[in-house]
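Visitor: If you read the sequences in order, they're chains A and B.
Residue numbering for the first sequence follows my numbering, starting at 3 and increasing by one per position.
Residue numbering for the second sequence follows my numbering, starting at 3 and increasing by one per position.
A couple of the hints might just be wrong.
To be verified - Here are the simulated DSBU-like pairs of lysine-lysine, each with C-alpha atoms no more than 30 Å apart in a straight line:
| id | chain 1 | residue 1 | chain 2 | residue 2 |
| --- | --- | --- | --- | --- |
| 1 | B | Lys166 | A | Lys123 |
| 2 | B | Lys166 | A | Lys79 |
| 3 | A | Lys166 | B | Lys324 |
| 4 | A | Lys80 | B | Lys80 |
| 5 | A | Lys324 | B | Lys209 |
| 6 | B | Lys13 | B | Lys79 |
| 7 | B | Lys13 | B | Lys262 |
| 8 | B | Lys13 | B | Lys324 |
| 9 | A | Lys80 | B | Lys79 |
| 10 | A | Lys166 | B | Lys79 |
| 11 | A | Lys79 | B | Lys80 |
| 12 | B | Lys50 | B | Lys262 |
| 13 | A | Lys166 | A | Lys79 |
| 14 | A | Lys209 | B | Lys262 |
| 15 | A | Lys324 | B | Lys324 |
| 16 | B | Lys48 | B | Lys166 |
Treat the hints as calculated values from the structure; they're not laboratory data.
Owing to the predicted nature of the structure, the values given are computational and were not obtained by experimental measurement.
Protein chains: 2
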Amino acid sequence: MQLTKNNLQEKQQQIYDAIVIGGGAGGLSAGIYLQRYLLNSLIIDKGKARSFWMQELHNYLGLPADTPGRVLLQQGKKHYDSLNGDFLNGFVEEVIDEGETFAVRVKVGRQNSIEAVFRSKYLIAASGIIDYLPPLDDMRNVYEYAGYNLHVCMVCDGYEMTNKQCGFFAGSEAAIAEMVFNLSWFTPYITVFTHGAFTVSDSLKAKLREHGYPLIETPIKQFRGEHHRMTGVELIDGSIVELETGLISMGSRYHNTYLKGIGLEMKGGNLVTDNMCRTSHPRILAIGDLKVGLNQVIIAAGDGALAATAIWREIRRAVGAKPWVENLPAVTNG
Amino acid sequence: MQLTKNNLQEKQQQIYDAIVIGGGAGGLSAGIYLQRYLLNSLIIDKGKARSFWMQELHNYLGLPADTPGRVLLQQGKKHYDSLNGDFLNGFVEEVIDEGETFAVRVKVGRQNSIEAVFRSKYLIAASGIIDYLPPLDDMRNVYEYAGYNLHVCMVCDGYEMTNKQCGFFAGSEAAIAEMVFNLSWFTPYITVFTHGAFTVSDSLKAKLREHGYPLIETPIKQFRGEHHRMTGVELIDGSIVELETGLISMGSRYHNTYLKGIGLEMKGGNLVTDNMCRTSHPRILAIGDLKVGLNQVIIAAGDGALAATAIWREIRRAVGAKPWVENLPAVTNG
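Given only the sequences and the hints, what does the whole structure look like? Please build it.
Guide: Here it is as structure tokens:
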């Protein structure tokens with residue numbers, strides 16, 4: 003059921019089998035599996051999963067290539083609801099390991115918010131990442147195009163950039179060094195923008211020049227275009243660079259601060275997991291973009307199945323086999 | 003494009019980046035990713051993927067819970083076709099490792115079949131498994147219910163069996179020992195059938211008795227029911243056992259004989275892979291039910307993304323970055 007400020011009192015008395023933090027593709031898939039394993043689960047979602055921003059999911063098996071990410075999420079939510087899973091819109095502030103259980107402290111409501119604490123045996127961290135976007139004065143100008151033809155994921159949308167005039171909007175020298183030459187697989191017509199936010203070393207400048215990729219360090223005033231179709235960039239000096247597509251590579255914010263107190267094994271910014279999505283804590287699993295691996299919706303959905311199954315196996319073993327407690331079935335002559 | 007006996011001549015001259023053996027959920031997802039990475043791929047499918055038999059996919063994020071497996075496969079095929087991937091209906095008889103390439107020998111056509119040989123740099127084994135079914139005299143009687151309420155996968159359909167009178171159709175003593183007590187998580191009303199095909203040890207008999215699960219060793223004459231809804235079993239002695247659902251656990255046939263000559267690392271009947279679905283051969287990847295792991299459609303689909311990405315990364319690195327070979331873009335005053 004959908005939990006609200008008005009009905010979450012009794013839910014704070016019970017112990018869930020698993021609390022899933024994050025209601026994106028990974029979290030919803032985990033919730034569907036958990037409920038189908040007859041476990042009781044709570045998904046806590048702060049809203050706006052990364053896939054929510056995707057206008058077209060081009061590579062998700064089973065869905066037409068123009069399916070918006072939010073349609074996938076809506077369908078997943080409906081599916082989870084039909085299995086009677088609990089769902090709460092709220093922001094997880096902290097997770098405390100109490101030994102047998104976790105206490106999950108949540109802020110519910112944006113205005114007149116209240117604090118609630120839920121408990122579970124297992125935790126699935128599925129709260130994902132969100133991409134940093136170019137910090138322009140008018141962010142509405144960025145949102146106008148981000149997720150349309152101004153992309154944030156080369157693996158997801160490289161195909162759509164094929165042989166197009168592409169702006170590469172970098173957040174650091176490392177972003178340029180790691181991504182631009184890979185991006186050239188899809189298109190060599192790359193113009194690199196630093197927005198004046200950092201300096202580029204002479205050696206990287208030489209490498210960009212050698213490949214013929216212009217480097218523009220003048221800050222960006224705004225993106226140009228209409229109807230969500232970005233057609234170029236206007237710089238603060240008034241000059242215009244025409245583009246057909248863009249890739250933003252300014253890093254990501256990981257939604258995992260609630261785990262800070264627990265001290266899980268990390269690699270880079272990602273949680274290290276085994277082949278069943280188990281972290282270094284025996285009762286915390288991590289799925290989707292938070293963990294080491296590819297940030298793809300279909301993989302996050304598969305992760306959800308793995309994590310839920312790992313939890314089910316442990317709980318099932320602890321409970322043991324159930325005997326047939328009624329009469330034996332009728333065997334009659336036909 | 004769809005290859006047929008009539009147009010596959012020229013395709014035998016080229017070298018594909020990857021040949022995918024199997025056009026089920028894993029293979030189609032891999033194909034979609036490969037084509038979107040601008041690689042050229044060929045999927046060779048013998049037909050009748052395991053998911054093809056599923057009447058309702060209850061646990062695939064993004065699809066309504068009553069979606070037939072064949073609808074997922076049709077959508078995936080349409081998606082792959084839209085990306086101009088090559089697809090051939092045929093049976094792979096052998097894969098020969100030629101060093102830089104693989105030669106894949108295929109039998110095309112059931113009547114007046116011809117032999118064709120295709121070559122690729124990489125191979126994705128995605129040919130899956132098929133479940134053994136109870137070998138009754140009239141197999142049409144089995145097909146009438148298999149995939150409806152006579153299931154083959156507890157993880158997929160345990161939820162649908164909850165608290166129902168369930169027949170467990172075992173292929174071996176090990177199948178009983180490994181599965182029945184787990185199945186009791188969903189329902190304890192389990193009747194075990196051996197179909198008279200093997201003997202059950204006294205210790206397992208005692209354990210079944212202790213749990214109250216009847217053991218029926220008399221061979222089965224036929225399943226009873228109508229409109230694809232199995233309602234029980236008639237034994238060869240004329241007695242009838244009423245049931246509401248069933249789980250078949252008679253093992254699976256692995257569609258991997260074409261790999262026999264190569265000698266990949268196995269565990270049980272499954273191929274061992276790393277976190278990107280790479281087998282012990284550097285240019286062969288394995289996805290879905292052939293590899294170690296859970297046999298779930300959503301996981302196979304995620305595997306496809308991983309395997310395709312592993313291949314793309316290697317090819318991309320080998321090719322290197324592409325320079326901008328045309329004039330620099332116009333930077334004009336706005």
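Visitor: A separate judgement is required for each hint: does it hold in the structure or not?
Guide: Verification of the hints:
1. B/Lys166 with A/Lys123: Judged against 30 Å, a Cα distance of about 28 Å means the pair holds.
2. B/Lys166 with A/Lys79: Holds, because 27 Å separates the two Cα atoms, which is no more than 30 Å.
3. A/Lys166 with B/Lys324: 14 Å, holds
4. A/Lys80 with B/Lys80: 26 Å, holds
5. A/Lys324 with B/Lys209: Status holds; Cα separation ~12 Å.
6. B/Lys13 with B/Lys79: Holds, because 19 Å separates the two Cα atoms, which is no more than 30 Å.
7. B/Lys13 with B/Lys262: 25 Å, holds
8. B/Lys13 with B/Lys324: Within the cut-off at roughly 27 Å; holds.
9. A/Lys80 with B/Lys79: 26 Å, holds
10. A/Lys166 with B/Lys79: 27 Å, holds
11. A/Lys79 with B/Lys80: 26 Å, holds
12. B/Lys50 with B/Lys262: 22 Å, holds
13. A/Lys166 with A/Lys79: Outside the cut-off at roughly 36 Å; violated.
14. A/Lys209 with B/Lys262: 47 Å, violated
15. A/Lys324 with B/Lys324: 63 Å, violated
16. B/Lys48 with B/Lys166: 36 Å, violated
Checked against the numbered hints given earlier, the structure breaks hints 13, 14, 15, 16 and satisfies all the rest.
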